[in-house]
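Going down the list, the sequences are from chains A and B.
Be aware that the first sequence starts at 6, since it is given in this note's numbering, and climbs by one per residue.
Be aware that the second sequence starts at 468, since it is given in this note's numbering, and climbs by one per residue.
Some hints here could point you the wrong way.
[Said to hold, decoys possible] Mimicking DSBU-like on lysine-lysine, the simulated pairs with C-alpha atoms at most 30 Å apart in a straight line are: (1) LYS74(A) - LYS480(B); (2) LYS493(B) - LYS480(B); (3) LYS106(A) - LYS493(B); (4) LYS106(A) - LYS8(A); (5) LYS74(A) - LYS8(A); (6) LYS106(A) - LYS74(A); (7) LYS493(B) - LYS8(A).
[Stated by the list, open to error] Part of the chain B face toward chain A, derived, beta carbon under 7 Å: (8) TYR517; (9) GLU521; (10) SER553; (11) ALA554; (12) GLY574; (13) GLU575; (14) GLY576; (15) THR580; (16) LEU582.
Hints are computed from structural coordinates only; laboratory data are not their basis.
Glycine included, C-beta positions come from ideal geometry on N, C-alpha and C.
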Amino acid sequence: DAKTTQPNSMESNEEEPVHLPCNHSTISGTDYIHWYRQLPSQGPEYVIHGLTSNVNNRMASLAIAEDRKSSTLILHRATLRDAAVYYCVRTSGNTPLVFGKGTRLSVIA
Amino acid sequence: DAGVTQSPTHLIKTRGQQVTLRCSPKSGHDTVSWYQQALGQGPQFIFQYYEEEERQRGNFPDRFSGHQFPNYSSELNVNALLLGDSALYLCASSLEPGGNTGELFFGEGSRLTVL
């Protein structure tokens with residue numbers, strides 16, 4: 006049970022911002038939200054993670070709702086190389102990451 | 468700095484056979500996790516090794532077993548292969564067993580086909 010809900014697929018134009026949503030309505034106070042992405046023929050790659058505050062790194066931004074029941078991964082300018090499956094994963098304590106089916110992002114030139 | 472390396476990259480086995488997959492973690496990492504990814508699905512957690520012991524296990528039968536060596540490398544063994552074991556097997560390494568703060572570094576996987 007992935008315990009997160011994501012749309013199956015999304016599409017974006019190149020160089021436009023992309024907002025990938027994730028619902029985690031049963032999240033507990035100590036659960037972190039992680040995002041990974043998987044490019045074709047590769048293993049998953051860490052993108053970003055957070056607990057309560059919004060987070061930024063060189064790859065993306067993570068916006069976490071105030072009630073923490075949802076979050077949004079923001080790619081500021083999508084490129085063709087960002088086409089991948091994006092996984093939103095919640096984890097608590099010492100538990101391993103449990104992946105769902107993720108969102109398949111297509112980027113159109 | 469070498470990342471996570473897995474071998475072999477591809478292999479074909481027949482039902483009933485046994486297979487061993489190998490993983491070398493990223494330099495400096497001491498924890499190895501194994502995942503199974505069927506086509507079109509997300510990775511499913513098999514088990515995690517830390518300090519040469521299986522620390523956590525997902526919902527996989529005893530046919531799936533593993534080992535971690537003193538140099539932190541790991542093996543995944545699957546006995547009595549079934550057609551449904553055909554999948555991409557991913558190894559991930561981290562600095563700590565916990566999932567909360569540490570990021571996982573994944574290898575490119577071993578593609579197993581069972582005929």
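Hint by hint, here is what the structure shows:
For the proposed pair LYS74(A) and LYS480(B), the alpha carbon gap of about 44 Å is over 30 Å, so the pair is violated. This hinted pair checks out: LYS493(B) and LYS480(B) have alpha carbons roughly 28 Å apart, not beyond 30 Å. A distance of roughly 26 Å separates the Cα atoms of LYS106(A) and LYS493(B); the hinted pair therefore holds under the 30 Å criterion. Annotation: proposed proximity of LYS106(A) to LYS8(A) holds, straight-line Cα distance about 11 Å (limit 30 Å).
A hinted pair counts as satisfied when its Cα atoms are at most 30 Å apart, and LYS74(A) with LYS8(A) qualifies at roughly 11 Å. Distance restraint check for LYS106(A) and LYS74(A): the Cα-Cα separation of roughly 19 Å lies within the 30 Å cut-off, and the hinted pair is therefore satisfied. At most 30 Å may separate the alpha-carbon atoms for a hinted pair to count; LYS493(B) and LYS8(A) meet this at roughly 29 Å. Hint status for TYR517(B): violated, given a least beta-carbon distance of 10 Å to chain A, over 7 Å.
Residue-level restraint check for GLU521(B) is violated (minimum Cβ-Cβ distance to chain A is 12 Å; threshold 7 Å). With a least beta-carbon distance of about 16 Å to chain A, the hint placing SER553(B) at the interface is violated under the 7 Å criterion. Here the hint on ALA554(B) is broken, as its CB sits about 13 Å from the closest CB of chain A, past 7 Å. About 5 Å separates the beta-carbon of GLY574(B) from the nearest beta-carbon of chain A, less than 7 Å, and the hint is met.
At its closest, the beta carbon of GLU575(B) sits 5 Å from a beta carbon of chain A; the interface hint therefore holds under the 7 Å criterion. Contact between GLY576(B) and chain A, as hinted, is supported at the beta carbon level, the nearest pair being about 5 Å apart and thus within 7 Å. Interface restraint check for THR580(B): the shortest CB-CB distance to chain A comes to about 15 Å, outside 7 Å, so the restraint is violated. Against a cut-off of 7 Å between C-beta atoms, the interface hint on LEU582(B) is violated, since the closest Cβ of chain A lies about 22 Å away.
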